[in-house]
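Colleague: From first to last, the protein sequence lines are chains A and B. Counting from 1, one number per residue, gives the positions in the first sequence under the numbering used here. Counting from 1001, one number per residue, gives the positions in the second sequence under the numbering used here.
Mixed in with the good hints, there may be bad ones.
[Said to hold, decoys possible] Derived BS3-like pairs: lysine-lysine, alpha-carbon spacing no greater than 25 angstroms straight-line: (1) B:Lys1421 - B:Lys1507; (2) B:Lys1308 - B:Lys1507; (3) B:Lys1083 - B:Lys1154; (4) B:Lys1421 - B:Lys1529; (5) A:Lys102 - B:Lys1545; (6) B:Lys1507 - B:Lys1542; (7) B:Lys1302 - B:Lys1528; (8) B:Lys1308 - A:Lys102; (9) B:Lys1421 - A:Lys102.
Note that these hints are calculated values from the structure, not bench results. Because the structure is a prediction, the values reported are computed rather than measured.
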Amino acid sequence: MKRILVHLLLAAVLLPLAARAADPAFNGRWRLDVARSTALDGWSTLDLVISVDGPKVTLHHELTWHSTQVTATNVVDTAQPAVLVNFFRLDQRHMAVYARPKEAATVQAAWLDASRTLRVEALVPLETSQGNTTMRLYDEYRLGEGGTELVLIELHNTRDRALVYHFTKVPEEAAKK
Amino acid sequence: MKRILLSLLLTCSLAPVLRAAAAPATPAREAYVMHFNSDWKIASGLPEKVLLIGLQGLANRTEPRLYIVHAADFPWEITGPLKDFYERKHGVHFTELTTAEEALAHLAQYAKGYVVWDPAVMPTMNVAYTIAGLEDALVVTPALIPLAEKHGLKLIDDLRGRYTGRTDAQIFADAKQRYWARCSHDQLLLDGGQRGDIRIPAIADWGVRQKMFFHELSANPIHAEELALEKQFFSELNPGGTIFGWHVYGKDTEEQHTTLISTYGLKMEGLQSLPNLSFNCQFTFTPGFKFTNHHHVARDAKLAAQDKVYISFVQSDGIGIGVWTKPGRGRMPLAWGAIMGWVKFSPAALEYFHESATPADYFIGGLSGPSYMYPNHIPANRFGLLMKEASDLMAVLDERIFEIMDNSAADGNLGNADLTKETVDRYYANFPDVTGFINGYGPARTRDLRDSRPLISYDYYIDPRRPREEVQADMNELIALNPKRPYFLLVHVRESNDVNSLVGVIKQLNGPVEVVPLDLFMKYAADKKTYTTRYQLPEDPKHFKGY
């Protein structure tokens, strides 16, 4: 009983803090600027739809390649680590590195830089030609001045070179179409 | 480095031999040559080219009389070098024809009349080509009728108005009723490729010469009538028949069409732009010529793999489309997927490739069968016969490694390119003499090792547009993600990649890395199996589920 009370108290204190931490400009539809971004083989277009709800941040991906259309959603929690099944990783699909279906990634998220940066760290289960392995992935979603541009910087523990993806905010009316 | 020096020495020491061999081995013969420009637009350059390609098929019925050299930006880059080869090795003396007028002045005698097609109803071009093969007709648009008549040709048929307002399915169903019974039932011509304002039917000479039925039907299930009609054709072709040409861009996909063709146990030979087959098919290998591949290891040798990363590069796309004549070839080991079917209908082209191969070039068999097929869909009762044909062709070409590709469940060069266990079992049973198999186009994850014969899939596909610094980072990441040594990194080099840039990438890779020819790669992969055994699983995602 005491433990429940402590949790409720913590939640009462932390949730409003987390909610305050979110910059509302993150919310909305962001479209990948292919020309300014690291070459992303295997995907022609990418829309990232972000919605912040208290400590939870939903990162919804809409991708196309030829006639392939894929949607994938990660809901990260800025208040506590989460275990996400089928965590979606923006992959370079010409590499034989595959997600392991139904397996879980450990994911941590936090707001940084006066709430203008969302940091997501994940240990992602993968399959390669030598068997199962794990990639440590570090993402920063940085909101640009004016709230119309977003930069995703991604690091892998297995890659020396950062992946940098530039997004532009899709106006609300256009996003509805 | 030693290997590179050795290669250079070999190249230098072989040069006098090649010069000595330059004298024609067969008696001199006369032929005509035309040079085509790049204008394939329906509204401008296409009608005359359609006429000339059809004329080529008629003129080349009994002898190789007309050869076409295409522009530098044409998909098949070898038409110029191959003309030189015919001059040098077969003693062909070419006389240049510069206009359609000139061509008809010399070659109209091989036509008995003309058939008119309507550029406003594009499928009539293919119906006209079918008629051309059957009736020895020149294929003309209304604007070219005076030219045909000037050379004494009379009207055989006029398609204007016959098919106006009718669907492709209706047009080719009607043409089937009229002409199919008299056409070849061993071969069919799928004259697809580009849509919109251009067409490149450079293979039409072959279809006319062989009296094939031309069509442009879709294998896309959303075009139910066209699909049903195409299935009728396939079911009426003789067993082991071949579909020449290529699917129609925008109507269906390469994956759909190749899946459908494979389902009937038929063979696919691309592309619709492949030129000069009516000429090429009439030359055999030069006397005394024998294919000698640049093997680097004896067939039964066993090699000990070291704790390092072994990388091998493969260029599997149509060899004549690729980087063969571009600078850089020979600077690093590269395996080439030669088109085995050319033994039968374009032997000089294969001889040209072998003659000009450097010690770094290594030929492999494929693709999936005696021509392009998707093996997961080949009927069990056709598999053995087809693979016997492939195996025999490999023996002629002195090839020991076989390449497999099944993109039936993929989307372009991505997605599921894996083989079922049943398919893998069949390959091991039907190719007892190969050193090993490779699989995929984009990356794939079918892997096996049986009787010291590995089956390895591509771990990486290099898009020619991908920045080289990202290619380097990708390959280093694969090396990091596969930490056991040896690691076997098989790389597919897409058709137009620049070899020189790849040499630069290799220099920047991490760790003990060795780039080896594919036959050595397979031998090392047979020694230490650090890769998993895997086949296509029922739960793996499939973009197209088949018919």
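Colleague: For every hint, state whether the structure bears it out.
Modeller: Status of the hints after comparison with the structure:
no.	hint	in the structure
1	B:Lys1421 - B:Lys1507	violated, 37 angstroms
2	B:Lys1308 - B:Lys1507	holds, 15 angstroms
3	B:Lys1083 - B:Lys1154	violated, 33 angstroms
4	B:Lys1421 - B:Lys1529	holds, 18 angstroms
5	A:Lys102 - B:Lys1545	holds, 22 angstroms
6	B:Lys1507 - B:Lys1542	violated, 37 angstroms
7	B:Lys1302 - B:Lys1528	holds, 11 angstroms
8	B:Lys1308 - A:Lys102	violated, 33 angstroms
9	B:Lys1421 - A:Lys102	holds, 23 angstroms
Consistency with the previously given hints fails for numbers 1, 3, 6, 8, ordered from lowest to highest.
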